[in-house]
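Chemist: The listed protein sequences correspond, in order, to chains A and B. Quick note on numbering: my numbering labels position 62 of the first sequence as 239, and the sequence is numbered without any gaps. Quick note on numbering: my numbering labels position 47 of the second sequence as 48, and the sequence is numbered without any gaps.
Please note that the accuracy of each hint is not assured.
What the hints assert, rightly or not - Residues of chain B clear of chain A, computed beta-carbon distances all greater than 10 Å:
(1) K87
(2) L130
(3) W159
(4) G176
As the list claims (entries may be wrong) - Simulated pairs of lysine-lysine, DSSO-like, Cα-Cα distance not exceeding 27 Å:
(5) B:K179 - B:K194
(6) B:K196 - A:K186
(7) A:K199 - B:K58
(8) B:K87 - A:K186
(9) A:K188 - B:K58
(10) B:K179 - A:K199
(11) B:K194 - B:K141
(12) B:K62 - A:K186
(13) B:K54 - B:K87
(14) A:K199 - B:K54
(15) B:K87 - B:K62
(16) B:K62 - B:K24
(17) A:K188 - B:K87
(18) A:K188 - A:K199
(19) B:K196 - B:K179
(20) A:K188 - B:K24
(21) B:K141 - B:K87
(22) B:K196 - B:K141
(23) A:K186 - B:K194
(24) B:K179 - B:K141
(25) B:K54 - B:K24
(26) B:K196 - B:K24
(27) B:K194 - A:K188
(28) A:K186 - B:K54
(29) B:K141 - A:K188
(30) A:K199 - A:K186
These aren't lab readings, by the way, just hints derived from the structure by calculation. Where is the CB? At the ideal position from N, CA and C, for every residue including glycine.
What follows is the residue order along each chain.
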Amino acid sequence: MNEREFASKIKQDLNYGTGHLKSQVTDRLRQSRERALEAFATQTIRENAYAFAGNLGHAPLHFTHSRKWLPLALIPLLLIGVIYWQHETNHEENIDVALLTSDIPLNVLVDKNFQAWLDQSSQQ
Amino acid sequence: MSALKTFRKSRLATQHEISEFLKGVERRAFKQAYFAVRNEESALDIVQDAMLKLAEKYAAKAGEELPMLFQRILQNTIRDYYRRQKVRNAWTTLLSALTPSNADEDFDPLETMQPADGSNDKNNPHDQLDRVQLIGLIEKEITALPPRQREAFLLRYWEELDVAQTAEVMGCSEGSVKTHCSRATHTLAAALKAKGIES
C-alpha cells in the first residue's frame, strides 16, 4: 500500500469520527458558525454603504480606495473656493475705493431722492 | 437592475456560500485544532476565532479562495494558541521538565466521540465498537505526531490541498511538505502496525 492509499484509508476513518462528535461539540460549532455569519452580514452592510456613498449607485468600488482618494479629490475644490472668495473680497474693496475717491459727495449716495433719480435716468 | 442591486445580490450569494463552506469544514477544523491542542474547549475557541476572522476580514474574497484562506487562518490561530500557552506556562514548563510527563497518558481521543446511534448504520454494534476503537487509536497516533508532520498530513490528505497550497498555508517549501507527509505516513503506519493494525 502506497502513501496515498494509506492516507485515503485514514481519511475515511477520520471522516467517520467527525460524523459522531458529541452534541455539545456540534452545538458549539453551529453557534460559532452563526456568529461568523452575523459578523459577515454586518461587514457586508458596511462595505455596501461605503460602496454606495463612494459611487452613488455605479459599479462598486472598494471602500478603501475611495477612502484613500477622497481627500485628494477635495483639494482642487478647496482651492477653487479660496480663489473665488479672494476674488469677491477684492471686487468689493475696489468698489469701496472707487466710491471714496470719486468727486461725488458720500451724502448723495445715501439720499433716497438721488437713488430714485438714478433709476429714472437709467430707464430713459 | 442597477449595479448596486447586482452587487448586493452577489454578496448575498457569497453569504450562502460561506455558510455552506463553514458547515462543511467545521467538524474537521475542530478535530484539527483538537489534535493540536488536546483540549476540547480550546479547540472550539480556536475554530470560532478562525470562523470570525474569515467572516470579518475576508468578506470580499471569492468563494474558491475560502478553503485556502480558512486553513491558513486556522493554522495561524493554532500557532497563536501555542505562543500564548508558551508565555503563560513558561515557569510550569521549567518545573515539568524535572518530573516525568504523563500528558499523553491522560489524553483519550475517544472522549470526544460518541458511539454511532445505528439509525443509518448497517454495521452491527460489535463492528461499530471495533471501528470506534480503531478511530480512537488512529486519532491518538495522529495527535502524537510532531506538529509540522501532523499539519502537513492533515492539510494534504484530509483537507485535500495540493502540495503547493499546503506549502503556502504552512509557509514552507513544497519539498518540506512532501518530506513531512512521507514521515507522518511512515510513523502512523508503524505505530498502527505495532498495535496489531495492518494497513
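Chemist: All hints are to be evaluated individually against the structure, with a verdict given for each.
Modeler: Here's how the hints hold up against the structure:
Consistency note on B:K87: stated as away from chain A, and its beta-carbon is indeed over 10 Å from all of that chain's, at 25 Å minimum. Taking the minimum C-beta to C-beta distance to chain A, about 12 Å, the non-interface status of B:L130 holds against the 10 Å cut. Not every C-beta of chain A lies more than 10 Å from that of B:W159, the closest at about 5 Å, which undercuts listing it as non-interface. A cut-off of 10 Å between C-beta atoms confirms that B:G176 is not in contact with chain A; the least separation is 15 Å.
Our distance criterion of 27 Å between C-alpha atoms is met by B:K179 and B:K194, whose separation comes to about 22 Å. A C-alpha spacing of about 17 Å is found between B:K196 and A:K186, which places the hinted pair at or below 27 Å, so the restraint holds. At roughly 30 Å between alpha-carbon atoms, A:K199 and B:K58 are farther apart than 27 Å, so this suggested pair is violated. Our distance criterion of 27 Å between C-alpha atoms is broken by B:K87 and A:K186, whose separation comes to about 35 Å.
For the suggested pair A:K188 and B:K58, the alpha carbons sit about 30 Å apart, so the restraint of at most 27 Å is broken. Between the alpha carbons of B:K179 and A:K199 the distance comes to roughly 34 Å, so the proposed pair goes past 27 Å and is violated. The suggested pairing of B:K194 with B:K141 holds, with an alpha-carbon distance near 14 Å, which does not exceed 27 Å. Among the hinted pairs, B:K62 with A:K186 is inconsistent with the structure: their alpha-carbon atoms are about 33 Å apart, more than 27 Å.
Between B:K54 and B:K87 the CA atoms are separated by roughly 23 Å; this keeps the pair inside 27 Å, and the hint holds. Taken as a hint, the A:K199 and B:K54 pair is honoured in the structure, with Cα atoms around 25 Å apart against an allowance of 27 Å. Taking the CA atoms of B:K87 and B:K62, the gap is near 33 Å; set against the 27 Å cutoff, the hint is violated. A C-alpha spacing of about 18 Å is found between B:K62 and B:K24, which places the hinted pair at or below 27 Å, so the restraint holds.
About 31 Å separates the Cα atoms of A:K188 and B:K87, which puts this hinted pair outside 27 Å; it is violated. Distance hint between A:K188 and A:K199 is fulfilled; the C-alpha atoms sit about 20 Å from each other, no more than 27 Å. Between B:K196 and B:K179 the CA atoms are separated by roughly 26 Å; this keeps the pair inside 27 Å, and the hint holds. For the hint pairing A:K188 with B:K24, the CA-to-CA distance comes to about 18 Å; that is within 27 Å, so the pair holds.
Restraint check for B:K141 and B:K87: satisfied, since their Cα atoms lie roughly 23 Å apart, inside the 27 Å limit. Between B:K196 and B:K141 the alpha-carbon distance is near 12 Å, which keeps this suggested pair within the 27 Å criterion. Between A:K186 and B:K194 the CA atoms are separated by roughly 14 Å; this keeps the pair inside 27 Å, and the hint holds. Restraint check: the Cα-Cα separation between B:K179 and B:K141 comes to about 22 Å, which is no more than 27 Å; the hinted pair holds.
For the proposed pair B:K54 and B:K24, the alpha carbon gap of about 16 Å is at most 27 Å, so the pair holds. Of the pairs offered as hints, the one joining B:K196 and B:K24 is violated, with about 34 Å between alpha carbons and a cut-off of 27 Å exceeded. Proposed proximity of B:K194 and A:K188 is supported: the alpha carbons are some 17 Å apart, at most 27 Å. Proposed proximity of A:K186 and B:K54 is contradicted: the alpha carbons are some 32 Å apart, above 27 Å.
Annotation: proposed proximity of B:K141 to A:K188 holds, straight-line Cα distance about 14 Å (limit 27 Å). For the hint linking A:K199 to A:K186, the alpha-carbon distance of about 23 Å falls within 27 Å, and the restraint holds.
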